[in-house]
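**Student:** Those protein sequences? They're chains Y and D, same order as listed. With the first letter of the first sequence counted as 1, position 460 gets the number 460 in our numbering; the numbers rise by one all the way through. Counting from 1 along the second sequence, just add 662 to a position and that's the residue number in our numbering.
Because the hints were derived from the structure by calculation, they are not lab data. Glycine included, each C-beta is placed from N, C-alpha and C at the ideal position. Any given hint might turn out to be false.
Here are some chain Y residues the structure puts well away from chain D; computed CB gaps all over 12 Å [stated by the list, open to error]: (1) ARG156; (2) LEU386; (3) THR546; (4) GLU573; (5) VAL653.
From the structure, some residues in chain D lie toward chain Y, with a derived Cβ separation under 10 Å [to be verified]: (6) LEU689; (7) ALA690; (8) ARG693; (9) ILE695; (10) ASP775; (11) PHE941; (12) ILE963.
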Amino acid sequence: MFFIYTLSLLVFVAAAIFAMPLRGKAWAALAFISLGALGTSVPAIGTLAGQLSDGWSHSTATPFGLEFLGMDALSAFFIIVIAIGGIASTLYSRGYLAHALGSKSPAHLSLHYTALTVMFYAMLGVVLARGGYTFLFFWELMTIASFLLILFDAERRDVRRAALSYLIMMHVGFVFLVVGFVRLRVATGSASFDALSQGLADPHALPLLLVFLIGFGMKAGLFPMHIWLPEAHPAAPSHVSALMSGVMIKTGVYGILRLAEALADSPLLHTAGFILLSAGIVTGLWSVILAASQNDVKRLLAYSSIENVGIIILGIGIALLGSASGNHLVALCGMTGSLLHLFNHSCFKSLLFFGAGNILTQTRTLSLDALGGLGRHMPLTAILFLIGTAAICALPPLSGFVSELLIYSGMFRGIASGSNPLTAAAGIVALALIGGIAILAFTKLYGSVFLGTPRTHEVAEASEVDNCRIIAMALPLAGILFVGLFPASATGLVTRIAGPLTATPTTAAGYLLSPALAGIGRTAWLLVGIVGLLAWLRHRILRSRTVTAGPTWGCGFTAPNTRMQYTGESFAEGLQSIVPSFTQQHGESDAVAKCEIFPSAHRFDISRKDRIDRLFSAWWVELLRQINRRVMRLRTGKINHYLLFALLFLTIVLLLSVLHLI
Amino acid sequence: MSAFNTLLLFIVALAIPGVINRTRARLAGRRGIRFAQHLYDLRLHMRKGAVYSTTTTALFRTAPSVYLGAALVSALMIPVGNLPPLLAFDGDVVCMAYVLALGRFALILAAWDTGSSFEGMGASREALYGALVEPALLLAAGTLALTTGCTSFARIFDPATLHDSQYIIVLLLTAYVLLKIVITESGRIPVDDPRTHLELTMIHEVMCLDYCGVDLAMIQLAGWIKTALFALLAADATATAFCLRWWVAAPLAVLLTGLSVGIVESTRARNKLSRNTTFILTITALAALAFFTGYLLQLNIPLA
């Protein structure tokens, strides 16, 4: 009955959105989403604040027996992330899709907004479902809705390709999850998350753990299952990229957190921690290096999403290793850091994807080598994007810094207490390198898009976007500033979730972390104060001096032009020269000939592909072709052969049943 | 006491460039410029007006304040010998690295803001070398945490913390790593040559080509503070091996950095740029070596 109720509700939502006039569709979707967001956020905040001690639960009858929907602290946390992301994305879509109102059919837009609403509710369902089959139902609904959302520009070939590869990869992951839950049911008699701890208590449950990890990792974008992300994000409209990158891939992390919760007393705890830490390190390093070599704003952001998932998983790995060695403080730091980073990433990545959307609608391009100097023409977007950039580089006094510092301090405590020094040192080196290269990647992005002089005249004529979109961007901005400037109060909420996950009492959890958080907060405010004071002093001093304007110093060359600016490609050249084997370079160019004293116009096109991508597609395609070729030998086109096959099949069935094998 | 610590840190920061200049002059057989010549130059810059490129935006004008502010805040976390720093909390070892990264981030973006390819080149190298040196720095901090069991500079270099004598070799090796980080971060030979005409200096100075006046003064001051901060860490680590007092650590920081940078600059040439990555990765390898040595000593494996 439950599924039928849900589906009929979906039909109602769809009918309402289809019936609205063209301009009202966005508002209808926003109304539905706000309703859901408010309805679930209130109990979620109650659960987090400790008012509703063990949340609520509600039983539902499904074809697979009685299952539960319920809210605990972890679901409550994810509900808040989903609510913020959902509202901001829908609000943003109104301005972003304004230009599509004329070019797309009303049915097309209705379908898009219906899918957006369905996706939002499906994500809520995913984090609320306690039973495995309910969870899988919402999981699949979420996949299909996001598939439809990616397909918005379905007339473009690359969009169809990306959407299809997304659908295929998600279903491969889905099969893994189905196998996992069925296996769980066989082992424990119940396919719910509550049975997970029982299922994983067995020391031989490693295959089960791996199956679940692959299933959830596919959604989260763990290496090497990340290849759908850099394809799907550039293909999708920007608000969808924001929702998918900021919120949807986090549902994969949600699954992994449920595994972490269930592993608490399992003999597999240490192994799982080690696996997650390694997966986090490899995912983070691989994708940050690829991010630094991308030439498209959205592809770069997509790789950076994978990198941040890597950091989150790394933190969870540290937390599990800490629990395994009995060091609760390490576990608490790692887990709190991961959860906070998850929230932070959903804020700044939404902000950055919205910024990418602004760039796309105002300049019609997302290529780093065509943009430039946008800061003058779109000042608000530039400032918001700058804050997002600094936050994602984990720079103080913004939010990314707080969460990464917590993960770091978990690892440093692991070293200082001697509980797991080697793994922690590996994590520190990886996280430091990830942080450093992320700064390289994002200064490249921000510098070549917003600073310098415009490289094309479309860019030079760009104008600022409407206020609705700026307001949508301000929502995640508030999250970034709050966490960055008031780390103690922001982390207080998160420790309520991290405490139970790491078997630390909640009050102790808050107490243990508070000195470090107070220190971070002091540093943040001191930094803001000192920089403000210095800027004011500088202003005072310059008031009494002569200040003039002139051209940029060209080192004696008097006719510099726009094309001589440093490009993103050359900015990352140093890194490329160290890590050539990570990427595959595709270049199309006709070189300048030696006899050309005054070179004529030349075109060249460089793109860098993920080696994993190539590996995957080549391997699969070749294997499928070979199998297909073998199978095709049976297709002779003669009816007598087919009759023979049927007879053979019946004989085999007969023999097997005689031998009691089936 | 914290105020005295900060004051001492500034004195160290202002003294190091003088000692470097004097060392270089003496090794070349010259008398050399005044010891405090760099301070006179700084005053000169402060008195000048400014010319701003028409390409630049407000970001370019704010960046020097951010750079200097970041250097100041991270310097507040560094103890001089046994003195307590102003800012101290668990995990400040990481905080320092990231506050410094904020300054780097601001200056790289300011370089992009000018639209000049020279400055882009400098910024690109600064970003890459900054990224590569970060693991070495944090691994060195990790080694200090491993040998003392503390995660804050103030506690690591606290005389009350038990400093086991078996770790002397590890501490000296860490100090050596930190000294190499000083050279990289301040763009000295063999990583970069700050003495050439500006365009030929490859990394840091070329990134600030368009700055003049007060802004340039701020950037230079921030550079000295950054140098002093790493120098003091190296000196603290060395002093821990025998006598952790401020009157040992502060002169040691000035002399260690001043003499070693001066001597290296008088005797060596700058690396080819492509060699720099190898140089920096070697620092990371050394830091890893120090860490493993510390770890093995901690395991305390009995020899046969």
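**Student:** Against chain Y, is D/ILE695 within 10 Å by beta-carbon distance?
**Tutor:** violated, 26 Å
**Student:** For the restraint on D/ASP775, tell me whether the closest CB of chain Y is nearer than 10 Å.
**Tutor:** Result: holds, 4 Å to nearest chain Y Cβ.
**Student:** Please verify that the nearest CB of chain D lies beyond 12 Å from Y/LEU386's CB.
**Tutor:** Per Cβ check, Y/LEU386 is inside 12 Å of chain D; nearest 8 Å; violated.
**Student:** Does D/PHE941 meet its interface restraint, that is, does its C-beta lie within less than 10 Å of any C-beta in chain Y?
**Tutor:** Hint violated; D/PHE941 Cβ to chain Y Cβ min 13 Å, cut 10 Å.
**Student:** Hey, does the D/ALA690 contact hint survive, CB to chain Y under 10 Å?
**Tutor:** violated, 28 Å
**Student:** Hint D/ILE963 vs chain Y: min CB-CB distance below 10 Å?
**Tutor:** This hint is violated: D/ILE963 lies away from chain Y, its Cβ roughly 15 Å from the closest one there, beyond 10 Å.
**Student:** Under 10 Å, Cβ to Cβ, is where D/ARG693 needs to be relative to chain Y, so tell me if that hint holds or is violated.
**Tutor:** violated, 33 Å
**Student:** Classify the label on Y/GLU573 as holds or violated, using whether its beta-carbon is more than 12 Å from each beta-carbon of chain D.
**Tutor:** Label violated. Min Cβ-Cβ 7 Å, cutoff 12 Å.
**Student:** Is the Cβ of Y/VAL653 farther than 12 Å from every Cβ of chain D?
**Tutor:** holds, 62 Å
**Student:** Closest CB-CB distance from Y/ARG156 to chain D, is it above 12 Å?
**Tutor:** holds, 31 Å
**Student:** Against chain Y, run the beta carbon of D/LEU689 and see if the smallest gap drops under 10 Å.
**Tutor:** Hint on D/LEU689: violated, closest Cβ of chain Y at ~31 Å, above 10 Å.
**Student:** Find the nearest Cβ of chain D to the Cβ of Y/THR546 and say whether that gap is larger than 12 Å.
**Tutor:** About 4 Å separates Y/THR546 from the closest Cβ of chain D, which leaves it inside 12 Å; violated.
Hint compliance for this structure: hints 2, 3, 4, 6, 7, 8, 9, 11 and 12 are broken, all remaining hints hold.
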